[in-house]
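Chemist: Generate coordinates for the entire structure from the input sequences, incorporating the hints supplied.
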Amino acid sequence: MKISEIGEFGLINRISKDTIINPKNILLGIGDDCAAYYASPDKIVLATCDMLVENIHFTLSTCSPRQLGRKAMAVNISDIAAMGGIPCQALLSLGTASSTSVEFIDQLTDGMKEEAKLFEVNIVGGDTVRSPLGLVINITLIGEVEPDLIVKRSTAKPGDLIMVTGELGGSAAGLILLLEEKKHSSVPSNIAEEVKSAHLSPVPRIKEGRIIARERLANSMIDISDGLASDLTRICEASAVGAKVYASKIPILSAAKEVGRLIKKDPLDLALYGGEDYELLFTVSPKKADDVIKLLKKELSTRVSVIGEIKEVQEGIKLEDLQGKVSDLQPKGYNHFRKTGTGDGSLFF
9 MKISEIGEFG LINRISKDTI INPKNILLGI GDDCAAYYAS PDKIVLATCD MLVENIHFTL
69 STCSPRQLGR KAMAVNISDI AAMGGIPCQA LLSLGTASST SVEFIDQLTD GMKEEAKLFE
129 VNIVGGDTVR SPLGLVINIT LIGEVEPDLI VKRSTAKPGD LIMVTGELGG SAAGLILLLE
189 EKKHSSVPSN IAEEVKSAHL SPVPRIKEGR IIARERLANS MIDISDGLAS DLTRICEASA
249 VGAKVYASKI PILSAAKEVG RLIKKDPLDL ALYGGEDYEL LFTVSPKKAD DVIKLLKKEL
309 STRVSVIGEI KEVQEGIKLE DLQGKVSDLQ PKGYNHFRKT GTGDGSLFF
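Heads up, the working numbering is the position in the sequence shown plus 8, with the first residue counted as 1.
No lab work stands behind these hints, which were simulated from the structure alone.
This one's a predicted model, so the numbers in the text were calculated from it and none came from an experiment.
Please note that the accuracy of each hint is not assured.
Stated by the list, open to error - Calculated pairs, SDA-like style, for lysine to any residue (alpha carbon to alpha carbon, straight line, at most 20 Å):
#1 LYS121 / CYS96
#2 LYS257 / ARG222
#3 LYS273 / HIS192
#4 LYS257 / LEU330
#5 LYS215 / ASN130
#6 LYS191 / LYS273
#7 LYS296 / SER309
#8 LYS257 / ASP274
#9 LYS306 / SER209
#10 LYS25 / SER48
#11 LYS191 / ARG269
#12 LYS252 / PRO166
#13 LYS295 / GLU320
#14 LYS121 / PRO73
#15 LYS272 / PRO196
#16 LYS51 / PRO31
#17 LYS165 / ARG224
#18 LYS265 / SER193
#19 LYS25 / MET9
#20 LYS215 / LEU303
#21 LYS125 / SER209
#22 LYS273 / GLU201
#23 LYS272 / GLU201
#24 LYS25 / ALA43
#25 LYS319 / SER293
#26 LYS121 / GLY133
#27 LYS215 / LYS305
#28 LYS125 / ASP58
#29 LYS10 / ARG22
#30 LYS265 / PRO196
#31 LYS319 / GLU223
#32 LYS191 / THR70
#33 LYS272 / LEU330
#34 LYS272 / LEU186
#35 LYS121 / LEU102
#36 LYS295 / ARG222
#37 LYS305 / LYS165
Modeler: Set out below in structure tokens:
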């Protein structure tokens, strides 16, 4: 059997077997945005890492070294946000060719440092190695959260409302323009810059995640990295529940709608399957939904939308489209190793 036959998530499932040798103090292993373990009775340590490989996750023709560095740090910080935590320390490992200019690495790491500074994250160590086939970046991020405030993806409940911060689809629209700029030159420059920025410069929702956790508003939470459809499926699978999402309620960035119209791409597909929006997708008890909307608007001016509800597992994961037709919601986000069948996904920064 080849890895291409089982895909990224099949590979993760195989690796995750028999990985906890000493379960003492371990709260969460493989299977959430972060691993989590008790450092003391009143503090949980969160740990996450993301590896980025040139020409798989990014191409240097579509972003500057500084932009790449900032985004590499931001996507890790977003994982901490999804658990309601605070990012603290980072470890950076780089693989690069000997011919890479020192100035390039300076700009790359300057971007990482700039993003880390915004969230008071220390870069405390790491590793470097020669990589003759392209740039490889791996950041491990350590955070913390109070034991009674941690939010998992595995605790959604039937009857919960599904909510999302911000607006979706901008990153996917930006990626299309970055990769096919000449083909889509009819897109106005201000619209193009807005969606490109959404893709290249995501803003981790740390403050929103902390408020949601502090006020005990969410039953479950995840960040949208692989797409709304894929990441909602992860919540449902981890929680053993179903879901129903309403296309009419999904908040889509206005600029993404305009790009979709001009390049003949359905904006709903950009929002559902494009990924890399790094918004928070979470579920709440119906009685708390208004509190979430009002609180995040008041404290951070952040838009929050109700887009569906959690169902019993036997009801499956469904999408009601704009015409009222209900069908299975397919998780078409990006999947490493699969050659076909999971959608085109986000391949590059």
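Chemist: If a hint holds in the structure, say so; if it doesn't, say that too.
Modeler: Evaluation of the provided hints:
For the given pair, LYS121 sits about 13 Å from CYS96 by alpha-carbon distance, which is consistent with the 20 Å threshold. At most 20 Å may separate the alpha-carbon atoms for a hinted pair to count; LYS257 and ARG222 exceed this at roughly 26 Å. Between LYS273 and HIS192 the alpha-carbon distance is near 12 Å, which keeps this suggested pair within the 20 Å criterion. The hinted pair formed by LYS257 and LEU330 meets the criterion: a straight-line CA distance of about 9 Å does not exceed 20 Å.
The suggested pairing of LYS215 with ASN130 holds, with an alpha-carbon distance near 18 Å, which does not exceed 20 Å. Our distance criterion of 20 Å between C-alpha atoms is met by LYS191 and LYS273, whose separation comes to about 13 Å. At most 20 Å may separate the alpha-carbon atoms for a hinted pair to count; LYS296 and SER309 meet this at roughly 18 Å. A threshold of 20 Å between alpha carbons decides the hint, and for LYS257 with ASP274 the separation of about 15 Å falls inside it, so the pair holds.
For a cut-off of 20 Å, the pair hint linking LYS306 to SER209 is broken: about 24 Å separates their Cα positions. Note on LYS25 and SER48: the hinted pairing is violated, with a Cα-Cα distance of about 27 Å set against a maximum of 20 Å. Taking the CA atoms of LYS191 and ARG269, the gap is about 14 Å. The hint holds against a cut of 20 Å. A hinted pair counts as satisfied when its Cα atoms are at most 20 Å apart, and LYS252 with PRO166 qualifies at roughly 11 Å.
At most 20 Å may separate the alpha-carbon atoms for a hinted pair to count; LYS295 and GLU320 meet this at roughly 19 Å. The straight-line distance between the Cα atoms of LYS121 and PRO73 is roughly 12 Å, inside the 20 Å bound, and the hint therefore holds. For the suggested pair LYS272 and PRO196, the alpha carbons sit about 15 Å apart, so the restraint of at most 20 Å is met. With a CA separation close to 17 Å, the supplied pair LYS51 and PRO31 stays within the 20 Å bound.
Taking the CA atoms of LYS165 and ARG224, the gap is about 15 Å. The hint holds against a cut of 20 Å. With a CA separation close to 16 Å, the supplied pair LYS265 and SER193 stays within the 20 Å bound. With a CA separation close to 18 Å, the supplied pair LYS25 and MET9 stays within the 20 Å bound. For the given pair, LYS215 sits about 12 Å from LEU303 by alpha-carbon distance, which is consistent with the 20 Å threshold.
Between the alpha carbons of LYS125 and SER209 the distance comes to roughly 15 Å, so the proposed pair stays at or under 20 Å and holds. Of the supplied pair hints, the one linking LYS273 and GLU201 holds, its CA atoms being roughly 18 Å apart against a limit of 20 Å. Only pairs whose Cα atoms come within 20 Å are accepted, and LYS272 paired with GLU201 is accepted, the gap being roughly 18 Å. Annotation: proposed proximity of LYS25 to ALA43 holds, straight-line Cα distance about 15 Å (limit 20 Å).
Between LYS319 and SER293 the alpha-carbon distance is near 13 Å, which keeps this suggested pair within the 20 Å criterion. Between LYS121 and GLY133 the alpha-carbon distance is near 13 Å, which keeps this suggested pair within the 20 Å criterion. Of the supplied pair hints, the one linking LYS215 and LYS305 holds, its CA atoms being roughly 12 Å apart against a limit of 20 Å. Taking the CA atoms of LYS125 and ASP58, the gap is about 19 Å. The hint holds against a cut of 20 Å.
Between the alpha carbons of LYS10 and ARG22 the distance comes to roughly 13 Å, so the proposed pair stays at or under 20 Å and holds. A threshold of 20 Å between alpha carbons decides the hint, and for LYS265 with PRO196 the separation of about 13 Å falls inside it, so the pair holds. Between LYS319 and GLU223 the CA atoms are separated by roughly 24 Å; this puts the pair beyond 20 Å, and the hint is violated. Taken as a hint, the LYS191 and THR70 pair is honoured in the structure, with Cα atoms around 15 Å apart against an allowance of 20 Å.
Only pairs whose Cα atoms come within 20 Å are accepted, and LYS272 paired with LEU330 is accepted, the gap being roughly 17 Å. Between the alpha carbons of LYS272 and LEU186 the distance comes to roughly 16 Å, so the proposed pair stays at or under 20 Å and holds. As the CA atoms of LYS121 and LEU102 are separated by approximately 14 Å, the hinted pair is consistent with the 20 Å bound. Among the hinted pairs, LYS295 with ARG222 is consistent with the structure: their alpha-carbon atoms are about 17 Å apart, no more than 20 Å.
Straight-line distance between C-alpha atoms of LYS305 and LYS165 comes to about 25 Å, which puts the hinted pair past the 20 Å bound.
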